[in-house]
Amino acid sequence: MQKHKKGYLLPDDNHVIRYVSPNRLIKDDDGNVLGVFPQAFALRPNEEAPSVNWLEHFEGDYDARIKQTVHELRAAISVKGKSAFGVAVVGNIKEICKKNGTAVRIVYDPRKSIESHAEIRNFPRDDLSLLEDLANGALCQLIANADIE
Amino acid sequence: MHQQSFTGAFSMSDKQLLFAAPRAFKGSMTPWSLLPEVSSTALNEIARQLEELKIPPSPASLSLTSQPRNLQESLFDATASVKILAAQVAMHMDKNWREKLFRQIDSLHDLEEWDSEDKPIRRASFATFLKAILQVKPQRHPGLGLSYEGYLIAAWTLGQDRLITEYLPNDRVRWILTRHIDGEIERASGQTIVSRLTECLAAYQPEHWFFDAKA
Numbered sequence: 001m002q003k004h005k006k007g008y009l010l011p012d013d014n015h016v017i018r019y020v021s022p023n024r025l026i027k028d029d030d031g032n033v034l035g036v037f038p039q040a041f042a043l044r045p046n047e048e049a050p051s052v053n054w055l056e057h058f059e060g061d062y063d064a065r066i067k068q069t070v071h072e073l074r075a076a077i078s079v080k081g082k083s084a085f086g087v088a089v090v091g092n093i094k095e096i097c098k099k100n101g102t103a104v105r106i107v108y109d110p111r112k113s114i115e116s117h118a119e120i121r122n123f124p125r126d127d128l129s130l131l132e133d134l135a136n137g138a139l140c141q142l143i144a145n146a147d148i149e
Numbered sequence: 001m002h003q004q005s006f007t008g009a010f011s012m013s014d015k016q017l018l019f020a021a022p023r024a025f026k027g028s029m030t031p032w033s034l035l036p037e038v039s040s041t042a043l044n045e046i047a048r049q050l051e052e053l054k055i056p057p058s059p060a061s062l063s064l065t066s067q068p069r070n071l072q073e074s075l076f077d078a079t080a081s082v083k084i085l086a087a088q089v090a091m092h093m094d095k096n097w098r099e100k101l102f103r104q105i106d107s108l109h110d111l112e113e114w115d116s117e118d119k120p121i122r123r124a125s126f127a128t129f130l131k132a133i134l135q136v137k138p139q140r141h142p143g144l145g146l147s148y149e150g151y152l153i154a155a156w157t158l159g160q161d162r163l164i165t166e167y168l169p170n171d172r173v174r175w176i177l178t179r180h181i182d183g184e185i186e187r188a189s190g191q192t193i194v195s196r197l198t199e200c201l202a203a204y205q206p207e208h209w210f211f212d213a214k215a
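Just so you know, the sequences run in chain order A and B.
Just so we're aligned, residue 1 is where the first sequence starts under the numbering used here, counting upward by one.
Just so we're aligned, residue 1 is where the second sequence starts under the numbering used here, counting upward by one.
Chain A with its partners taken away, still in its complex shape:
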């Protein structure tokens, strides 16, 4: 587990994941997940910056980090059975935001029960184009919660 202070700017080549609740997932007729709605990146009602989780906070390879991050989230919040986790590279998120006219900072912001917590600061509240670009272009992997032990 890496030790960094709150406010640490995450390196561009690191990864974050965004929890996507079931109603923000695009599914086919059989319930298979095809992607995420732009609204998956929208600020939640009580959010000032979109919450993400920093994978490299944990030790191990990519898969091990995914697993540890998800386990931490499951212990802290009510992760739904049919939800999913979108994985993105920090630099890609920043680049997409920049192309949409927003310079965001992705900052380590640990919480008491979610030590891997980070957030995307300076994020606009209702920019559909940016949300769609993130939903359609930022994710390098979308993992169903059910697929993680």
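What the hints contain is simulated information worked out from the structure, not anything from laboratory work.
Note that the structure is a prediction, hence the values are computed from the model and not measured.
Some chain A residues well away from chain B (every beta-carbon gap over 10 Å; in silico):
#: 1; residue: Arg74
#: 2; residue: Lys98
#: 3; residue: Ile114
Below, a list of computed lysine to any residue pairs in the SDA-like style, where the Cα atoms sit at most 20 Å apart:
#: 4; chain 1: A; residue 1: Lys27; chain 2: B; residue 2: Leu111
#: 5; chain 1: A; residue 1: Lys98; chain 2: B; residue 2: Thr178
#: 6; chain 1: A; residue 1: Lys80; chain 2: B; residue 2: Gln104
#: 7; chain 1: A; residue 1: Lys82; chain 2: A; residue 2: Asp30
Each residue gets a CB set at the ideal place from its N, CA and C atoms; glycine is no exception.
Could you slot chain B onto chain A? The hints should help.
Positioned in the frame of chain A, the structure of chain B alone reads:
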């Protein structure tokens, strides 16, 4: 007044379904006032159709006794509310599409999967969606979701091409699309009223999403 006409015609669960709807519309605007005069016979038929389309509760959801009763009630009421709206225009929808839509509504309001920060589908949003669907009459039906505000969102995807629409009150629609045409990636977005949606999308060949290629 409407409730009496149902007495004796249904089981307890039917009554709960039908009585829940008027409770959801307290205030000056009732669902019935939005619609043409409907006879009790017609309402009975709608109720029967709704009953046929109900999905039995999953075993998992039966164990959710610890959920707050008010959440269960609000999801139940919202489900009944939008299904009644859909049932009023059911004659314009084929049976398969109607059944699928009802399953999707049940799924969106699934108590077991409900995010505490979600809001149930707003009836005004669903009414806008129905108007759009009845106007476009798509052969391919969208995946549905919910925004945090309770607005219905719909996605048509085909390969890397996607069309996302969000249905707002008062016939307003927000849309955004990504379309690959002749090796170029085109993106566009806008907000319009339902009656202009197809015109706004026309430059991007929306039939690509709405209709099967062989049709």
